[in-house]
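**Q** Chains A and B, in that order, give the protein sequences.
So the first sequence is numbered by our numbering: it starts at 1 and just counts up by one.
So the second sequence is numbered by our numbering: it starts at 1001 and just counts up by one.
These are computed hints drawn from the structure, not numbers from a lab.
Built from N, CA and C at the ideal position, the CB exists for glycine as well.
Check the hints yourself; a few may be wrong.
[To be verified] Simulated crosslink set (DSSO-like; lysine-lysine; CA at most 27 Å straight-line):
no. : chain 1 : residue 1 : chain 2 : residue 2
1   : B       : Lys1012   : A       : Lys30
2   : B       : Lys1131   : A       : Lys25
3   : A       : Lys117    : B       : Lys1066
4   : A       : Lys117    : B       : Lys1131
5   : B       : Lys1015   : A       : Lys128
6   : B       : Lys1067   : B       : Lys1012
7   : B       : Lys1079   : A       : Lys30
8   : B       : Lys1131   : A       : Lys33
[What the hints assert, rightly or not] Far from chain B, by Cβ distances over 12 Å, these chain A residues were calculated:
no. : residue
9   : Glu16
10  : Ala17
11  : Leu78
12  : Val105
13  : Ser109
14  : Val138
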Amino acid sequence: MKKIKKEKKDSGPSREAGRQARMTKEIMGKIIKGEVKMRPKWEFVAWTAGIKGGLVLMILGGGLILAILIYLVELMNLGELLEFGDLGWEIIRSDFPYGLLAGVVTLISGGIFLYSKIGENYKKTTRKVILIIGGAIVLLVAILTIIRTREELEILLGFT
Amino acid sequence: MIDEEIVALIQKGNKEKFREIVERYETKLFWYVKRLVNQPGEEVEDLLQEVFLNAYVNLQGFDTGKKFSSWIYRIAHNKAIDYFKKKKIKRVEIVEEMEADDKKLIEELEIEKEERGKIRRLVADLELKYKEVIELFYFEEKNYEEISDILHIPTSNVGVLLNRAKKKLKEKL
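Construct all of the structure, not just a fragment, from the sequences and the given hints.
**A** This is the structure we're talking about:
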């Protein structure tokens, strides 16, 4: 526990006025002399655009990788493999696309981190959360549909 | 002229107008920071100077459609947090007597006459998250929306924190 010294009150009109004048003089001195400069507006604009762009890329990338992961897991036919007991588990463990899972987790974590950097996200309302989750589901379904349609097209055209 | 109009002028290059901002906020922020960090005046002055200079450096990032006072209080809040981290201070024993100068808080807590003198000491001794919300609501007279903007927490959490802080104060009394 750190103790602080008993001190005289910093109040009192003259004391306050003196402190304010000294503080104003020091701050304005640094500003007028150019010792302290404002950061240009474009830096803030670029920073915000970068974060928002990164967030969009992470959502798209995360959605795409998640869709591929689900597709590959479906191809593994987990239900059938589990019927083989320990052997089935062994196959699942060895064939599971861990890299993709890691990719999804990384992108989701990155997305959450970037989202936390966007101003006023603390004001998120239930409606916004529903919108984000709903949007993610729509995106996922859309990507899965595209992958499946392509698979069916390939079968139809005799590519497989 | 309101704060946001002054800031718009500074953003356009009128550096001298920053003087008005310093003059308007110096006393308010001095006491706010002092009550948060419980440190001698000289140390608080250094912190406060950093707050103003930081505000000036980042002024182009301020959206004049928002409330400037919440923005600068947010900077002061961040500086206080940095100060605690840098100095590794977890708790500060307050030796200095502080006056109970807030009637609203005293009324709400229904404090007995003889215990009124203790109130500022007890507030200062609260955990930072509770202390800050009490300071902002009762002593800086900020509303829930402004506190939410300063502390970056949802408005609903402001009410929750305030109630918990008052409960803690009552327990201590």
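**Q** Below or equal to 27 Å on CA atoms is what counts here, so check B:Lys1131 against A:Lys33.
**A** Violated - the C-alpha atoms of A:Lys33 and B:Lys1131 are around 38 Å apart, more than 27 Å.
**Q** For A:Glu16, is the shortest beta carbon distance to chain B beyond 12 Å?
**A** The claim breaks: A:Glu16 does not keep its Cβ more than 12 Å from every Cβ of chain B (closest is about 6 Å).
**Q** Does the claim that A:Leu78 lies outside the interface with chain B hold up, using a Cβ gap greater than 12 Å?
**A** holds (40 Å)
**Q** The output says A:Val138 does not contact chain B. Does that hold with a beta carbon cutoff of 12 Å?
**A** holds (26 Å)
**Q** Does A:Val105 sit more than 12 Å from chain B, CB to CB?
**A** For A:Val105, whose nearest Cβ neighbour in chain B is about 26 Å away, the distance exceeds 12 Å, so it holds.
**Q** Hint check: B:Lys1015 vs A:Lys128, CA-CA at most 27 Å. Holds or violated?
**A** Not satisfied, since the Cα-Cα distance of roughly 39 Å exceeds 27 Å.
**Q** Can you confirm whether the C-alpha distance between B:Lys1067 and B:Lys1012 stays at or below 27 Å?
**A** Distance ~18 Å between B:Lys1067 and B:Lys1012 Cα, so the pair holds.
**Q** Within 27 Å, alpha carbon to alpha carbon, are B:Lys1131 and A:Lys25?
**A** Since the Cα atoms of B:Lys1131 and A:Lys25 sit roughly 31 Å apart, the hinted pair is violated (cutoff 27 Å).
**Q** CA of B:Lys1079 to CA of A:Lys30, is that 27 Å or under?
**A** holds (19 Å)
**Q** Checking the smallest CB distance to chain B, is A:Ser109 really beyond 12 Å?
**A** Fine: 20 Å to the nearest Cβ keeps A:Ser109 off the interface.
**Q** Do the alpha carbons of A:Lys117 and B:Lys1066 lie within 27 Å of each other, as the hint requires?
**A** With Cα atoms ~18 Å apart, A:Lys117 and B:Lys1066 stay inside 27 Å; holds.
**Q** Starting from A:Lys117, check that the Cα of B:Lys1131 is at most 27 Å away, please.
**A** Measuring from Cα to Cα gives roughly 25 Å; hence the hint holds.
Checked against the numbered hints given earlier, this structure breaks hints 2, 5, 8, 9, 10; the rest are met.
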